[in-house]
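Using the hints provided, position chain B relative to the given structure of chain A.
2 protein chains.
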Amino acid sequence: MNIKDALERLKAKDAEVVRLGQIIALLEWDQETYMPEDASKERAAQTALLAGMRHERIIDAEWSDLFSAVGIGEEGALNESSAPNPQAADSADSAGEVGAAFFREVHKRWKKAVNVPKKLVEDLARETSLSQSAWVNSRKNDDYDSFAPHLATVIELEKEYAAAVSPEGDIYDTLLDDYEPGARGDQLSVLFDELLKGLNPILESILSRPAVSAPFLNQSYPIDKQDIFGKRIQEFMGFDAKRGRLDLSAHPFTTTLGPDDIRVTTRYDERNVFSGLFSNIHEAGHGLYEQGMGLSVRGTTLADGAGLGIHESQSRFWENIVGRSRAFWDFWFHDFTTLFPDCLEGVGVEDFYRAVNIVRPSLIRVDADEVTYSYHIIIRFRLERALISGDLTVDDLPGAWRESYKKYLGIEPMNDADGCLQDVHWSCGLLGYFPTYALGNLYAAQFANAMEKEIGSLDDVFRRGDSGAVLGWLRREIHEHGRIHTPENLCRRVTGDSVNPTFFLDYLRTKYRAG
Amino acid sequence: MNIKDALERLKAKDAEVVRLGQIIALLEWDQETYMPEDASKERAAQTALLAGMRHERIIDAEWSDLFSAVGIGEEGALNESSAPNPQAADSADSAGEVGAAFFREVHKRWKKAVNVPKKLVEDLARETSLSQSAWVNSRKNDDYDSFAPHLATVIELEKEYAAAVSPEGDIYDTLLDDYEPGARGDQLSVLFDELLKGLNPILESILSRPAVSAPFLNQSYPIDKQDIFGKRIQEFMGFDAKRGRLDLSAHPFTTTLGPDDIRVTTRYDERNVFSGLFSNIHEAGHGLYEQGMGLSVRGTTLADGAGLGIHESQSRFWENIVGRSRAFWDFWFHDFTTLFPDCLEGVGVEDFYRAVNIVRPSLIRVDADEVTYSYHIIIRFRLERALISGDLTVDDLPGAWRESYKKYLGIEPMNDADGCLQDVHWSCGLLGYFPTYALGNLYAAQFANAMEKEIGSLDDVFRRGDSGAVLGWLRREIHEHGRIHTPENLCRRVTGDSVNPTFFLDYLRTKYRAG
Chain A
5 MNIKDALERL
15 KAKDAEVVRL
25 GQIIALLEWD
35 QETYMPEDAS
45 KERAAQTALL
55 AGMRHERIID
65 AEWSDLFSAV
75 GIGEEGALNE
85 SSAPNPQAAD
95 SADSAGEVGA
105 AFFREVHKRW
115 KKAVNVPKKL
125 VEDLARETSL
135 SQSAWVNSRK
145 NDDYDSFAPH
155 LATVIELEKE
165 YAAAVSPEGD
175 IYDTLLDDYE
185 PGARGDQLSV
195 LFDELLKGLN
205 PILESILSRP
215 AVSAPFLNQS
225 YPIDKQDIFG
235 KRIQEFMGFD
245 AKRGRLDLSA
255 HPFTTTLGPD
265 DIRVTTRYDE
275 RNVFSGLFSN
285 IHEAGHGLYE
295 QGMGLSVRGT
305 TLADGAGLGI
315 HESQSRFWEN
325 IVGRSRAFWD
335 FWFHDFTTLF
345 PDCLEGVGVE
355 DFYRAVNIVR
365 PSLIRVDADE
375 VTYSYHIIIR
385 FRLERALISG
395 DLTVDDLPGA
405 WRESYKKYLG
415 IEPMNDADGC
425 LQDVHWSCGL
435 LGYFPTYALG
445 NLYAAQFANA
455 MEKEIGSLDD
465 VFRRGDSGAV
475 LGWLRREIHE
485 HGRIHTPENL
495 CRRVTGDSVN
505 PTFFLDYLRT
515 KYRAG
Chain B
5 MNIKDALERL
15 KAKDAEVVRL
25 GQIIALLEWD
35 QETYMPEDAS
45 KERAAQTALL
55 AGMRHERIID
65 AEWSDLFSAV
75 GIGEEGALNE
85 SSAPNPQAAD
95 SADSAGEVGA
105 AFFREVHKRW
115 KKAVNVPKKL
125 VEDLARETSL
135 SQSAWVNSRK
145 NDDYDSFAPH
155 LATVIELEKE
165 YAAAVSPEGD
175 IYDTLLDDYE
185 PGARGDQLSV
195 LFDELLKGLN
205 PILESILSRP
215 AVSAPFLNQS
225 YPIDKQDIFG
235 KRIQEFMGFD
245 AKRGRLDLSA
255 HPFTTTLGPD
265 DIRVTTRYDE
275 RNVFSGLFSN
285 IHEAGHGLYE
295 QGMGLSVRGT
305 TLADGAGLGI
315 HESQSRFWEN
325 IVGRSRAFWD
335 FWFHDFTTLF
345 PDCLEGVGVE
355 DFYRAVNIVR
365 PSLIRVDADE
375 VTYSYHIIIR
385 FRLERALISG
395 DLTVDDLPGA
405 WRESYKKYLG
415 IEPMNDADGC
425 LQDVHWSCGL
435 LGYFPTYALG
445 NLYAAQFANA
455 MEKEIGSLDD
465 VFRRGDSGAV
475 LGWLRREIHE
485 HGRIHTPENL
495 CRRVTGDSVN
505 PTFFLDYLRT
515 KYRAG
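Each protein sequence line maps, in turn, to chains A and B.
The working numbering puts the first residue of the first sequence at 5, with every later residue one more than the last.
The working numbering puts the first residue of the second sequence at 5, with every later residue one more than the last.
If we strip away everything but chain A, and leave its shape as in the complex, we get (with noise of 0.2 Å):
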């Protein structure tokens, strides 16, 4: 086969099983958001059918042979000698960058699944399904024992499967790579302490303060005008309707059915207004990350986020960096009380400014704000290493988690559901993923200090009620290349730095006057 009619071949399979991740995204969206009650049962069988399809279709023999023909070593890069290679790149990737990473990416994606045996697939697919039910039932009661074994075997399967992978390398590090590509635990440990040291005097000296008091806060504010906010700001936002939409679901997510239909969720609480709101602006931030995917990488595998750090970079940078800012709420505020007159009679923007950024350390991540955010998951990244590794037994984790809290935030939950029960995550295998969450609110800093360097303040720019110059600038900045770049090099080529906390720190010590 020549290189032209492999690399073509390439594409389409790739093309094939991008589609079919998308269907089997459908499937879930379904089933968060419409789905009659019955169906789950049955719904769980059909992802599972095009699951297998999708997964033989990325590990059949076929690809190897490929690889060989169009010159693909062992690192998904090509060989020398067939290098540079020009069939590799459209004309618009003059650079070669776009043919090279989707080689790389290509590459990767079929050496991790070949390596995992099949037993392992289906151990990992029946055991975290059954660990997830577990989980559900024990949070419920409060019964972390009927939890525990559960959890011991994810782990083990966890552990097996990144052995599998990279017979060599360190186990979570391995891990992480599925979330986080290219980020290495201990360098994440070296980041976090820093990120620690900074926070610590911020937060001391923000509680040092009386607190906030927000009586608005507990009144009734009705859903459809809460619905009709959300969509005018995720429309200000530049959230494409005719390209995506917005639906309710238990817990917000955001899901790419295809490279023009890309689907948010929200949930909204007639006494909490703020959960529906900074839902909408945070899943409508992943969402404009997705329909940004430029023309280059639209319908292959490098149309998704760089990694997981920096798809939250998206949410969290709407979220927070604008949607908790003064400037955001001198613009909107106005438009705000207008739907909810009778909410908001006599309180100012000032008022409502201080009630969005409420700073109080609290025992539900999902709950926390941006400045205690960061413990939640640093406490979580370090349980996890240590459970990982062996330090940590599953039996100690509920002490270890209670022991933590106390040292990190000075409080202490009263049962595991409020405690190492809370998140879905480790039911699931997710090990790794936490420390994407805290990497988020770092990227999101430092690329909003290298936006303002070129579009000036961004103060200036919401107050005026503008978003073209900053979504403008994400796009050619981040959304545009999708996962041709590693969040490594995406952050430098962006930022000319590494990630660090720098750029977070100093943006919550100005917000927050503290530290």
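Keep in mind the hints are simulated off the structure, nothing from the lab.
Mixed in with the good hints, there may be bad ones.
Which copy is meant is left open, because identical chains are indistinguishable; a pair holds if it fits in one copy or across any two.
Unchecked claim - Calculated cross-link-like contacts (lysine to aspartate or glutamate; reagent style EDC-like; alpha-carbon spacing at most 20 Å):
| # | residue 1 | residue 2 |
| --- | --- | --- |
| 1 | 45 | 244 |
| 2 | 515 | 41 |
| 3 | 112 | 427 |
| 4 | 229 | 464 |
| 5 | 411 | 400 |
| 6 | 246 | 42 |
| 7 | 17 | 60 |
| 8 | 15 | 46 |
| 9 | 201 | 127 |
| 10 | 229 | 126 |
| 11 | 410 | 371 |
| 12 | 144 | 420 |
| 13 | 112 | 69 |
| 14 | 115 | 164 |
| 15 | 229 | 416 |
| 16 | 45 | 174 |
| 17 | 112 | 174 |
| 18 | 235 | 78 |
| 19 | 17 | 46 |
| 20 | 45 | 172 |
| 21 | 235 | 42 |
| 22 | 15 | 79 |
| 23 | 45 | 20 |
| 24 | 235 | 41 |
| 25 | 122 | 164 |
| 26 | 144 | 371 |
Remember, it's a predicted structure, so these values are computed and weren't measured experimentally.
For chain B alone, coordinates are given in the frame of chain A:
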């Protein structure tokens, strides 16, 4: 391979084909309900990908080996040497009916698919897609000439398809078999002549009376209340909201996404309250059939209507025989007026009953009343048979259409958009489909007659606001069996007779005191 293993494998392969079909149904349901505007091109590619994968599974080489191993001969029946085959039947299937039907249907699906050359499958997919687009435009611009060549191509391809499926068979009968298994054009022709002979005096008699006037129909009926009433009626009928749901779409339809996931759609028009109301009842009638599939057929190719005529009988029974009956409204009218007090001031149940039963020859099939509806179908049936046989050319279709309407209904369309361009069916290659709509009316009346012999007068039942006995009878006699029986056999089992117009004509004569 022993018989038992071969049988298990057959069942597993069938389950996969069924499941893929239901995933395709989700893609299509989503396209008609929630999919964002710009996603249609990619959605077409996703649907095509899965349809291709499903087709591959229907025709793969394993089937004929399995048929041999189980002992299935040419027509999908067990060979004498292997019958009776105890493994073919599960324990609930003592007569072996389910097993035999399963073999018949799986074999038929395979045989039809393997006999059609791949090129013809692709030609049909491409040309019907082009033809549908051409139809949309030609209808919009009332420009039949731009559609005619596409229609000619589709007819030729449908003829090729029929010849490939059944080289010895009658072309029209082969096409018909895809929608009404076992039906024959010449028999339908006789049946429809008889129907017509009975309908003419009924229609004449009705038209000789003063026209019914119902000014309250021109009021504005709030859509949220139409939706409340529609859901209430669907619940009353027995449509299970835990195993299905109601959504909005441009054209109402029912689709099956899984054994416990039956979705119906409707559309509401503030100025036409009957449009949504009778769509809700009609589609829930289809939905009940799908929700009622018995345990012995669930998840297999037998979990489907016996044919489209039988399927339509379920929707027509509820829509017309129940939903347009005086007894039904004696019970529901109070509830209805409570929802729309402004629209129905001074209107009595008799006025309302007359309004839901206005009979008037009209040009558009989907707006037709239950008396004139069959004329629309008979016209189409005769024209499509003539198009297939070559007695009518595509160029002469518009004229023949006008003549037919003049002859049968005494009215003539002013343009082709309201004439031979009004239906999408032929543009998609659905030739042989129309007769099932008229058969639905006949089956419905014939079933209702049999039902009343067992459970007593339907009027009594519905005047009490009770649907349990009716649904119970439908489930036991029709729904549970899926397509175990052919339409002909099912009709005989349930009513003791072949389908015939007597019951429908009697029903109309009694209801309209006419003919």
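Hints, verified against the model:
1. For the homomeric pair residue 45 and residue 244, the shortest alpha-carbon distance between copies (17 Å) is at most 20 Å, but the shortest distance inside one copy (34 Å) is not.
2. For the identical chains of this complex, residue 515 and residue 41 are neighbours neither inside a copy (45 Å) nor across copies (41 Å), given an alpha-carbon limit of 20 Å.
3. With identical chains, the CA atoms of residue 112 and residue 427 are never at most 20 Å apart, being 29 Å at best within one copy and 51 Å at best between copies.
4. Proximity of residue 229 and residue 464 under a CA criterion of 20 Å is satisfied in neither setting, with 28 Å inside one chain copy and 47 Å between copies.
5. Taking the closest pair of Cα atoms, residue 411 and residue 400 come within 20 Å of each other only inside a single copy of the chain (16 Å); across copies the shortest separation is 87 Å, beyond that limit.
6. For the identical chains of this complex, residue 246 and residue 42 are inter-copy neighbours only, at 6 Å across copies versus 31 Å inside a copy, given an alpha-carbon limit of 20 Å.
7. In the homo-oligomer, the alpha carbons of residue 17 and residue 60 lie at most 20 Å apart both inside one protomer (11 Å) and across protomers (17 Å), since each shortest distance falls under that limit.
8. Only between protomers do residue 15 and residue 46 lie at most 20 Å apart by alpha-carbon distance; the minimum there is 16 Å, versus 32 Å within a single protomer.
9. Taking the shortest Cα distances, residue 201 and residue 127 never come within 20 Å of each other, neither inside one copy (41 Å) nor across copies (68 Å).
10. Proximity of residue 229 to residue 126 under the C-alpha cut-off of 20 Å is found in neither arrangement, the shortest distances being 46 Å within a copy and 49 Å between copies.
11. Proximity of residue 410 and residue 371 under a CA criterion of 20 Å is satisfied intra-copy only: 18 Å inside one chain copy versus 71 Å between copies.
12. In the homo-oligomer, the alpha carbons of residue 144 and residue 420 lie at most 20 Å apart inside one protomer (10 Å), although the nearest pairing across protomers, at 64 Å, exceeds that limit.
13. Proximity of residue 112 and residue 69 under a CA criterion of 20 Å is satisfied intra-copy only: 15 Å inside one chain copy versus 38 Å between copies.
14. Within a single copy, residue 115 and residue 164 get their C-alpha atoms as close as 16 Å, which meets the 20 Å cut-off; across copies the closest is 46 Å, which misses it.
15. In the homo-oligomer, the alpha carbons of residue 229 and residue 416 never lie at most 20 Å apart, since the shortest distance is 37 Å inside one protomer and 50 Å across protomers.
16. Within a single copy, residue 45 and residue 174 get their C-alpha atoms no closer than 37 Å, and across copies no closer than 44 Å, so neither meets the 20 Å cut-off.
17. With identical chains, the CA atoms of residue 112 and residue 174 are at most 20 Å apart within one copy only, with a shortest distance of 17 Å there and 55 Å across copies.
18. Taking identical chains as interchangeable, the C-alpha atoms of residue 235 and residue 78 are never at most 20 Å apart, the minima being 47 Å within one chain and 60 Å between chains.
19. Taking the closest pair of Cα atoms, residue 17 and residue 46 come within 20 Å of each other only across two copies (16 Å); inside a single copy the shortest separation is 28 Å, beyond that limit.
20. For a Cα distance limit of 20 Å, the shortest separation of residue 45 from residue 172 qualifies neither inside one copy, at 39 Å, nor across copies, at 44 Å.
21. Taking identical chains as interchangeable, the C-alpha atoms of residue 235 and residue 42 lie at most 20 Å apart only when they sit on different chains, with a minimum of 18 Å there against 31 Å within one chain.
22. Taking the shortest Cα distances, residue 15 and residue 79 sit within 20 Å of each other inside one copy (18 Å), while across copies they are farther apart (43 Å).
23. Proximity of residue 45 and residue 20 under a CA criterion of 20 Å is satisfied inter-copy only: 15 Å between copies versus 26 Å inside one chain copy.
24. With identical chains, the CA atoms of residue 235 and residue 41 are at most 20 Å apart between copies only, with a shortest distance of 17 Å across copies and 27 Å within one.
25. Taking the shortest Cα distances, residue 122 and residue 164 sit within 20 Å of each other inside one copy (12 Å), while across copies they are farther apart (45 Å).
26. In this assembly of identical chains, residue 144 and residue 371 lie within 20 Å of each other by CA distance solely inside one copy; the values are 19 Å within and 53 Å between copies.
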